[in-house]
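According to this note's numbering, the sequence shown is numbered sequentially starting from 31.
Treat the hints as calculated values from the structure; they're not laboratory data. Warning: the hint list may mix true and false statements.
To be verified - What follows is a set of in silico ranges between Cβ atoms, one per label pair, in the way DEER data are often shown: (1) D99 with R178: 41 to 47 angstroms; (2) C225 with K148: 42 to 48 angstroms; (3) L259 with K42: 21 to 27 angstroms; (4) K42 with E152: 40 to 46 angstroms; (5) I141 with P248: 28 to 34 angstroms.
Quick reminder that beta carbons are idealized off the backbone N, C-alpha and C, glycines included.
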Amino acid sequence: MMQLGYNLLTEKPITVNMENTGHACIVGGTGSGKSIATLYFLYNLLKNYKVKLTICDFKKTGDYECISDRFAKFDDVTQCIEEYYDDYEMTPENNSQIKLLIIDEYAGYMIWVTQRDKKKAEEIKQKISEILMMGRSRHCFVWCIQQRVSASLFPSGIGAIDNFQICIGLGRLSVDSRKSLFAGEYLENKSFEECYHPKTGQGLALIDGQELQPLQIPCIRDKERLKLLLQKMAREQSTDEIQKKFY
31 MMQLGYNLLT
41 EKPITVNMEN
51 TGHACIVGGT
61 GSGKSIATLY
71 FLYNLLKNYK
81 VKLTICDFKK
91 TGDYECISDR
101 FAKFDDVTQC
111 IEEYYDDYEM
121 TPENNSQIKL
131 LIIDEYAGYM
141 IWVTQRDKKK
151 AEEIKQKISE
161 ILMMGRSRHC
171 FVWCIQQRVS
181 ASLFPSGIGA
191 IDNFQICIGL
201 GRLSVDSRKS
211 LFAGEYLENK
221 SFEECYHPKT
231 GQGLALIDGQ
241 ELQPLQIPCI
251 RDKERLKLLL
261 QKMAREQSTD
271 EIQKKFY
């Protein structure tokens, strides 16, 4: 199981089984705590699962440097996504290893690639949508991280956005983002929801098979130390994979 944080009301851990519930849409504006939350999720993922990571850091945040050899920034992101898709296509059903594609600032990337090449943008949308709909049985997953979410980021008419099994909204969400992520979903405690104004590191979490929950990310004061821990954990997993090939 992977921990996402805590239920702000019950103080109980919010957890997911990444082998069955792996696609994530993480949304939050500037100052919402989105970047530190994603690193925290990734830390808990690597702590509990063997993962082959592919990371696309479109806006070159620097948060994911040296965590994976399969890493791309800005105009290299398209090729990186296509390489992950090729890997997904060759992955058999019930693959033992989780393969995860992280796209940081997915919305910004899609706007950029659409302006440059509309045909290529549609190809990428189709590939991401196919992984969202078919990747679960192969343990191939996608995390899309962005400031706001809209159905227009995915091909129309096929409901790809509905295949996100983990929906996280951090900070104060726009009306459109709230509707896209949590349409028709409300906290059980209505009086709490009416006065709930999430601060940095707080928000809402909707996971397949669970009720909508108020989310609290643990306070992490040293982001750089967390990044170093992630690099160390990723190196250890990579070393384990190399050793398996020779023994």
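Taking the Cβ atom of K42 and the Cβ atom of E152, is their distance within the range 40 to 46 angstroms? 43 angstroms, holds
Assessment of proposed distance window 21 to 27 angstroms (beta carbons of L259, K42): Between L259 and K42, where Cβ atoms are some 25 angstroms apart, the hint holds.
A range of 28 to 34 angstroms was offered for this pair. Does it hold for the Cβ distance of I141 and P248? 32 angstroms, holds
Is it true that the C-beta distance of D99 to R178 lies inside 41 to 47 angstroms, as the hint says? 31 angstroms, violated
I want to verify a distance hint. Is the separation of the beta carbons of C225 and K148 within 42 to 48 angstroms? 44 angstroms, holds
The structure is inconsistent with hint 1 alone, although it conforms to all the rest.
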